[in-house]
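K.L.:
Chains as they are written, first to last, in full-length UniProt numbering: chain A, 1 to 152; chain B, 1 to 152.
Honestly, the hints are just simulated from the structure, not real lab data.
Just to be clear, a hint being listed does not mean it is correct.
What the hints assert, rightly or not - Here are some chain A residues pointing at chain B (derived, C-beta under 7 Å):
no., residue
1, Asp4
2, Ala60
3, Ala86
4, Val94
5, Gln133
6, Thr135
7, Ala137
8, Met139
9, Ser142
10, Asp146
11, Ser147
Unchecked claim - With a cut-off of at most 27 Å between alpha-carbon atoms, the simulated DSSO-like pairs for lysine-lysine come out as follows:
no., chain 1, residue 1, chain 2, residue 2
12, B, Lys77, A, Lys145
13, B, Lys73, B, Lys110
14, B, Lys77, A, Lys75
15, B, Lys110, B, Lys77
16, B, Lys110, A, Lys145
17, A, Lys75, B, Lys110
Claimed, not checked - Heads up, incomplete: computed chain B residues facing chain A, CB under 10 Å, no partners named:
no., residue
18, Met1
19, Ala14
20, Ala17
21, Asp18
22, Arg53
23, Val98
24, Leu102
25, Gly103
26, Ile109
27, Ala138
28, Val140
29, Leu142
30, Glu144
31, Gly149
For each residue, glycine too, the CB sits at the ideal point set by N, CA and C.
Given next are the chains, with one letter for each unit.
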Amino acid sequence: MPIDDTDRRILRQLLAEPAMATADLAERAGVTTATCWRRLERLREGGVIRGAQAVIDWRALGWEVEVSLRFTLDKTHPRAFDEFLAAAREVPEVLEIQTFLGQTDVRLNVIARDMAHWQEIYRARILTLPHIQDTEALMLISTIKDSAELPL
Amino acid sequence: MIALDDTDRAILRALEADATLSAGALGRRLGLSQPACWRRIRRLEEAGVIAGRRLVLDHAALGFGVTVFLGVKLATKGRVSLEDFERAVTAIPEVQVVQHVLGLFDYRIKVRARDIADFERVLRRRIMTLPGLGQVEANVLLSEERLPGPLG
Numbered sequence: 001m002p003i004d005d006t007d008r009r010i011l012r013q014l015l016a017e018p019a020m021a022t023a024d025l026a027e028r029a030g031v032t033t034a035t036c037w038r039r040l041e042r043l044r045e046g047g048v049i050r051g052a053q054a055v056i057d058w059r060a061l062g063w064e065v066e067v068s069l070r071f072t073l074d075k076t077h078p079r080a081f082d083e084f085l086a087a088a089r090e091v092p093e094v095l096e097i098q099t100f101l102g103q104t105d106v107r108l109n110v111i112a113r114d115m116a117h118w119q120e121i122y123r124a125r126i127l128t129l130p131h132i133q134d135t136e137a138l139m140l141i142s143t144i145k146d147s148a149e150l151p152l
Numbered sequence: 001m002i003a004l005d006d007t008d009r010a011i012l013r014a015l016e017a018d019a020t021l022s023a024g025a026l027g028r029r030l031g032l033s034q035p036a037c038w039r040r041i042r043r044l045e046e047a048g049v050i051a052g053r054r055l056v057l058d059h060a061a062l063g064f065g066v067t068v069f070l071g072v073k074l075a076t077k078g079r080v081s082l083e084d085f086e087r088a089v090t091a092i093p094e095v096q097v098v099q100h101v102l103g104l105f106d107y108r109i110k111v112r113a114r115d116i117a118d119f120e121r122v123l124r125r126r127i128m129t130l131p132g133l134g135q136v137e138a139n140v141l142l143s144e145e146r147l148p149g150p151l152g
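With the hints as constraints, model all of the structure from the sequences given.
P.N.:
Shown next as structure tokens:
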């Protein structure tokens with residue numbers, strides 16, 4: 001689907017503030033509300049905008065620990081990825097699953113209520129996942145930047 | 001920290017899947033009146049549990065076909081070098097996420113680029129020139145999925 005400068009202007013504003021009302025978005029992008037609405041509809045129909053999700057702040061719900069776990073899988077097993085991913089989806093504390101090309105095969109973003117709870121999840125739910133060859137944990141201290149903006 | 005009941009959890013699950021649902025539509029699904037549902041959403045927003053909204057985009061359709069996660073280690077540490085590094089890295093338009101972490105690396109960085117050649121440009125001109133930069137590891141993202149989290 002071709003995207004022109006007007007689409008890009010609208011998307012830039014929308015990415016900066018995804019909850020903005022169409023009228024405000026139109027004003028910032030310098031188009032009429034009707035145009036803005038039509039353009040957004042077209043971007044949705046064309047599959048460029050696939051949807052919107054609410055972002056939950058798990059800390060506000062008492063989940064204090066967030067860990068990025070990197071895994072190397074045993075790739076001699078042909079179903080290593082599929083079986084690992086299927087099992088990881090069953091762990092409720094896993095928020096994100098990413099697969100990579102590089103030294104890391106898979107990354108899981110896992111939350112826990114506190115360090116004791118983390119240890120419990122790590123031992124009982126994570127280390128028991130299939131086909132793990134090696135794993136490494138990065139504990140989140142703080143998020144310095146988290147933006148969806150793109151240099152469009 | 002606020003306490004959630006089953007209805008709150010159902011609201012969060014539904015909005016994580018589709019943040020564009022109106023209070024009326026969501027209320028009908030859960031057997032709540034529009035005002036009752038609206039009040040619950042409002043309470044979750046005020047408590048910071050719903051922290052915002054995230055667009056789900058087809059990045060490839062927007063011309064950003066490559067996502068790379070970098071693990072970065074600083075060569076020198078200390079308060080000043082952290083601040084210099086953070087200021088410089090957050091200013092790079094292709095950098096969407098910067099997280100300070102504890103473990104094998106000091107920072108996790110998410111970079112969106114048009115293609116591998118564009119990523120190489122960002123890496124050489126913007127990343128490798130960052131103040132205090134030490135070791136860098138790159139992993140190219142192949143797939144990404146988000147899960148609802150422990151709302152069951």
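K.L.:
Which of the numbered hints above does this structure break?
P.N.:
Going through the list in order, the structure violates hints 1, 3, 5, 6 and 14 and respects the others.
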